[in-house]
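Asker: Here is what each chain is made of, one letter per residue.
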Amino acid sequence: MTDLLHPDALVVIAVMAVVTYGLRAGGLLLADRLPRTGRWAYALRRLPGMVLVAVVAPGLAHLGWLGVGAGAVTVALAIVTRNLFAAMAGGVTVVALARLWL
Amino acid sequence: MPKDNHPAVSGPFAPRDIAAGFRRCVPLAFSVFAYGGVLGVLADAKGITVPELMLMSLVVFAGSSQFVAAELWAPVLPVAEIALATLVINLRYLLIGASLRDVFAGTTLIQKLLGIHMVADENWAVTMAAAREGRATPGFLWGGGLIMMLFWQAGCILGQILGGGIPEPERFGLDFAFTAAFLALATGLWEGRRDLVPWGLAVAGAIAGALWLPGKWYILLGSGLGFVAAAVLWTEDGGD
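In the order they appear, the protein sequences are chains A and B.
For what it's worth, our numbering labels the leading residue of the first sequence as 1, then goes sequentially.
For what it's worth, our numbering labels the leading residue of the second sequence as 1, then goes sequentially.
Think of the hints as simulated: they come from the structure by calculation, not from any bench.
It is possible that some hints are incorrect.
Unchecked claim - Below are the EDC-like pairs computed for lysine to aspartate or glutamate, each with C-alpha atoms no more than 16 Å apart in a straight line:
id : chain 1 : residue 1 : chain 2 : residue 2
1  : B       : LYS46     : B       : ASP175
2  : B       : LYS46     : A       : ASP32
3  : B       : LYS46     : B       : GLU71
4  : B       : LYS112    : B       : ASP102
5  : B       : LYS46     : B       : GLU170
6  : B       : LYS112    : A       : ASP3
Here the structure is a predicted model, which means the values were calculated and not measured.
Chain A with its partners taken away, still in its complex shape:
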């Protein structure tokens, strides 16, 4: 049984769940106490996108020009198709082809 559900994995999963659920429920229950107008409300609203680009920026920079190219294709596809899978497939394909030919 412990081969399939490692105890330390259960700990990590539990911590992740508590954190994430805490944010969801906390946001809903404390909605009135969060800033709704002004600069901090605006910054909070812009935060999600900034977190996402912050996460992938070093990895992209590490890939150099390949990162720029594949990233540009991914973004372009995301804009045009508005489909997550299509954008992912495009970026992945660029990287695969570049590694094949270059």
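Dock chain B against chain A, hints included.
Answerer: For chain B alone, kept in the frame of chain A given last:
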């Protein structure tokens, strides 16, 4: 057969609302399935078992943070690092939860606590759109969450089972899938020229942080810088 005014039929979680939310999210199902598939392949490579990932998806239900957790998975699990990364990446759920205040208006605490778990980015976006038309209920949200959960789980499981069959994922560029997913999601959140400086600083801060700071602290540095920049550059007439 319960009458139409029976709470179970016409309350906040009315079956017809759940069904409506479920149907409205069908177009998103394949994307979620594919995204889950990529996570499944990564999880398999990292030694995460099928029951572990199923449980994680069930109780966390946040794809981007599950990706980062899988990336950090090691024989000795870095619990604190995964916890911090989960907090930072999922911080948006604080705002998402808050934005659903009106949808949950008039419900009991238990209904709120149970309903707010089944919120993924996709069914949240669909529900907010429906709310603008006055057609969003907790049941609608929940139904969308249900189909997201089903296809997410299916994708993850399939990825884990079949993933071992891909000998060199890098040859197929699959190591880029995670980055591509985040880039695509970020593109959807971009609002225009006003984001240029804050997001640029987030990128610069992240790259600098990756060079000088250990672990995933670079995420905090980059997003923190961007957050402050957005607040500092905000103007009353900017058009919130």
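Asker: For the pair supplied as a hint, B/LYS112 and B/ASP102, is the alpha-carbon distance within the 16 Å limit?
Answerer: Since the Cα atoms of B/LYS112 and B/ASP102 sit roughly 11 Å apart, the hinted pair holds (cutoff 16 Å).
Asker: Is the hinted pair B/LYS46 and A/ASP32 satisfied, with a Cα-Cα distance of at most 16 Å?
Answerer: violated, 41 Å
Asker: Run the distance test for B/LYS112 versus A/ASP3: straight-line Cα separation, threshold 16 Å.
Answerer: Between B/LYS112 and A/ASP3 the Cα gap is close to 36 Å, so the pair fails against 16 Å, i.e. violated.
Asker: Next pair to validate is B/LYS46 with B/GLU71; report whether the Cα-Cα distance is within 16 Å.
Answerer: OK: B/LYS46 and B/GLU71 at ~8 Å, within 16 Å.
Asker: Next pair to validate is B/LYS46 with B/ASP175; report whether the Cα-Cα distance is within 16 Å.
Answerer: Judged against 16 Å, a Cα distance of about 13 Å means the pair holds.
Asker: Taken at face value, is the distance from the CA of B/GLU170 to the CA of B/LYS46 at most 16 Å?
Answerer: Given that 16 Å is the threshold and the Cα spacing comes to 15 Å, the pair holds.
In the structure shown, a violation is registered for the earlier hints numbered 2, 6, in ascending order.
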